[in-house]
Amino acid sequence: MKPRILDPNRRDVLAGLGASLGASLGASAAGLLAGGATPPVSAQIALQARSSTLILRPGQPATPIWELAAVSHLRNVRLKRGDRCELVFRNDLPVPLAPVWYGLNGGAATDPLRGRAPALPNAVETSIISISNAGTLLTDFRLFEDGMKHPARPLPVIAAETSPEVVDRDEVLLIEEWRLRPDGTALPPGQDPKGSAPLYTINGQTSFELSALRHQRLRLRFINGSQRTVLAIKLEGYDVRVMALDGQPAEPFPARNGALVLAPGGRADAFVDAAASAAFLLHDGKEARPIGSLNISDQMERRTPLAPPQPLPSNGLPETLDLRGALRFDVALGAPDAGWTRPAGFSTASTPAFRTKAGRTVVLTLKSPGPITTVFHLHGHSFRLLDKLDDGWKPYWLDTLAVEPGQTQRIAFAATSPGRWLIESVATDWAAPRLVRWYAVE
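If you're matching positions, the sequence shown starts at 1 in the working numbering and goes up one per residue.
Derived by calculation from the structure, the hints in this document are not laboratory data. The reader is advised that the hints may include incorrect statements.
Here are the in silico distance ranges between beta carbons for each label pair [said to hold, decoys possible]:
id, residue 1, residue 2, range
1, Arg328, Leu213, 49 to 55 Å
2, Glu209, Pro64, 44 to 50 Å
3, Asp387, Arg355, 23 to 29 Å
4, Pro336, Thr408, 42 to 48 Å
5, Arg342, Leu306, 19 to 25 Å
6, Pro198, Glu236, 20 to 26 Å
7, Arg116, Glu209, 38 to 44 Å
8, Lys80, Asp330, 38 to 44 Å
9, Lys80, Gly345, 36 to 42 Å
10, Asp284, Ser347, 33 to 39 Å
11, Ala431, Gln407, 18 to 24 Å
Note that the structure is predicted; figures quoted are calculated from it, not measured. Note that beta-carbon positions come from the ideal geometry of N, C-alpha and C, so glycine has one too.
Build out the structure end to end from the sequences listed, making use of the hints.
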């Protein structure tokens, strides 16, 4: 039986988390003393699915929303690579839900569609997750949007490197997309947006401000937390150096024209050296608009600029992939006759998109047959985007990719994590359904 919690508040959650963590640590220590091999818990998170509000219209009542909140942390959730983390999740919303992780590759025990049912209303569940990669992660409810009465905010999670690059500031910039009705309420994704107007925020603010000292080096973790729209974000007049994409280190390179283009759920870590005040410009494919600003103080942090940054430490992904010996599969994104289904109707009894043995290289040919751009997300692994001639790949890893209508993209990954894993497909239309399939690594 799942326990019920009455009169929830942050103090109760923290107390429960502390008790649960203490029990886990005690059990782990006992196991180690008895010769067991289970490593101890080294971190903890208490997550709560709850109702909230957000001020999206200045001078008007706040807009009701749902959110996934880390009640165990006062600010951003920061873990580190190698943590074995106890996760306590409490569902205070009226529909079954579970946090779904993006970027948590390799043996994640929290995927609710691979055999673990989502938590019922008023339920509390505890699990253990391993933070195998450093990088910028994201967790949210997007797989359960069919039953949601309000749009939900995702939760960024930072997994720090064991030997991080030296920066003066490390900031998360969560970009979110809202569709507001004339009465000020927000429309959940997957519904007809007729009569609504788009609105974008950074960290929940319609006009975001970030302050820094001159010559400070900033690590800006950009996250496209929107549900349907490919977005470009630019810090006007700045050299933006990309250090990581979708939670995996990249060979550092300058962003083209200073702009980062991110599919929904995509993440980009960029370094900038603060020099002058500038605007954050957002482009949604229709128009560019200022959405925030970087304000530089006249006070100087240091007299001379820093040397160019070195690459971030590797997460251990392979340097090369065996394309000649790869298993190859075609995947038609969102095609109604290709086995895609809404998450509510998903079952691993359905036919998988493909199967592979562990240790093999897999090449997927992604085809977008629909009339608009479709977003693909691969759970469980990161992939390389192959060159058009299929003779090499881009110098970065991804887990999310936008494929333009009528186009074909090829990706490759090393199947290193045994299990059943999801793939997602969603068209970049607010009313489009989110669809899922699964693949097996055996």
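Comparing the hints with the structure gives:
Taking the beta carbon of each, Arg328 and Leu213 are about 52 Å apart, inside 49 to 55 Å as hinted. Remark: the range hint 44 to 50 Å for Glu209 to Pro64 is contradicted by a beta-carbon distance near 25 Å. Against the hinted window of 23 to 29 Å, the Cβ-Cβ separation of Asp387 and Arg355 comes to about 26 Å, which satisfies the hint. At roughly 19 Å, the beta-carbon separation of Pro336 and Thr408 lies outside the given 42 to 48 Å, and the hint is violated.
One distance hint, 19 to 25 Å for the beta-carbon pair Arg342 and Leu306, is violated here, with the actual separation near 49 Å. At about 21 Å, the beta-carbon gap between Pro198 and Glu236 stays in the expected band of 20 to 26 Å. In this structure the hint that Arg116 and Glu209 lie 38 to 44 Å apart at CB holds, the actual value being about 41 Å. The given range of 38 to 44 Å is respected by Lys80 and Asp330, whose C-beta atoms sit roughly 39 Å from each other.
Between Lys80 and Gly345 the CB atoms are about 38 Å apart, so this pair conforms to the stated range of 36 to 42 Å. Restraint check, Asp284 to Ser347: a C-beta distance of roughly 35 Å satisfies the suggested window 33 to 39 Å. Against the hinted window of 18 to 24 Å, the Cβ-Cβ separation of Ala431 and Gln407 comes to about 22 Å, which satisfies the hint.
Hint compliance for this structure: hints 2, 4, 5 are not met, and every other hint is.
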